[in-house]
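Participant: Just need the whole structure built from these sequences, with the hints factored in.
Next come the chains, spelled out residue by residue.
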Amino acid sequence: MSIPAASIPGHSESRSVAETDLVRRLKAGDDAAYEEFVRSLTARLLAVARRVSRSEVDAEDAVQDAFVSALRSIGTFDGRSSLSTWMHRIVVNAALMRARSGKKHQAVSIDALLPAFEGGMHKEHPKAWRDSEGPDRRMNEDDRNMVLDALSMLPEEFREVIVLRDVDGLDSKAVAAALGIGDALVRQRLHRGRQALLTIMNQRMTEVTP
Amino acid sequence: MNGSAHPDNRPDPQPTQSGPATSSGKPACEKLGLGMTCHECVDFLLDYVDGALGDEQKFVFESHLAFCPDCTTYVRNYRQAAALTAGLNRSSRPLPGPDVPKGLVEAILKSRKSER
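First to last, the sequence lines map onto chains A and B. Per the working numbering, the very first residue in the first sequence carries number 1; after that it's consecutive. Per the working numbering, the very first residue in the second sequence carries number 1; after that it's consecutive.
The set of hints was computed from the structure by calculation and includes no laboratory data. Virtual Cβ for every residue (Gly too), placed ideally from N, Cα, C. You may find that some hints are simply not true.
To be verified - Per the computed footprint, the stretches of chain A lying under chain B, defined by three or more beta-carbons under 8 Å from a beta-carbon of chain B, are:
#1 41-49
#2 56-70
#3 118-128
#4 142-150
#5 156-169
#6 190-200
Facilitator: Right, dumping it as structure tokens:
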């Protein structure tokens, strides 16, 4: 048995009997169930990890970290999202932890990263960013690392919405279904998360390049 | 837009359309008939870039942008931040060979045994 495609984020979140049984066996420590779980999801999770990792080695290590982490916390899996959605979130977090390039980031409140207003107007003039690229241009490694650093600094609930919507390309309704939250909350988190990313990236993107 | 609110005292890019809050307490951009404040403009930004604003709301939003260089810059940066994030899917890094490298699944299964 493999984990059904219907449980991929963005697809129907209906839980199959087979998945419920697999979760029960994983919770019971069944070796065969674990192997089935790993073989079913490794390719998909590796594809996710590659999008948010600095290197192929980091992506593979993130997938391994994710399975170890899942094994430790399978007892807390409550079935509100599908098993593959749950693993998607774990592997994104594992990959971004590795993408922090050894720097320690303190958790930052989202409110501290939102633009400030005074009398309804911007408190500080936004500075124009240097041109980076057109929508279809491939990013260079510096830009890629900057985005990964910025993503890793966001609080998890904002980061997971941005990864599903902006990186994985799901629409808001599909993100809502994958996370088991309402569409309005997805859009609120997406908007606040993007504003916070903008603030974090601001310094790098306004630097004068020689 | 509010030159007095900025510590760097840079000249306001649109002096005729900005300035401090009026004596009535209303932001200058609202008093000038721009229909929404910068704060409201940023609140509507996601709907704007998603094309989800109605015709009237879009007109008010774009009228604000036409007179507000700060919001114009902010909208451009916001679009660029989202595009950069989406660009993680278009890395310049060469694509890896096989979908799942030989040995990865076995390494994961082995790591479970060492956890015990």
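Participant: Evaluate each hint against the coordinates.
Facilitator: Hint by hint, here is what the structure shows:
1. 41-49: holds (count 4)
2. 56-70: Three-residue rule met by the region 56-70 of chain A, so holds; n is 6.
3. 118-128: Per the Cβ count (11), the hint holds.
4. 142-150: As far as the region 142-150 of chain A goes, the hint holds, because 5 residues have Cβ atoms under 8 Å from chain B.
5. 156-169: holds (count 4)
6. 190-200: holds (count 6)
Hint compliance for this structure: every hint is met.
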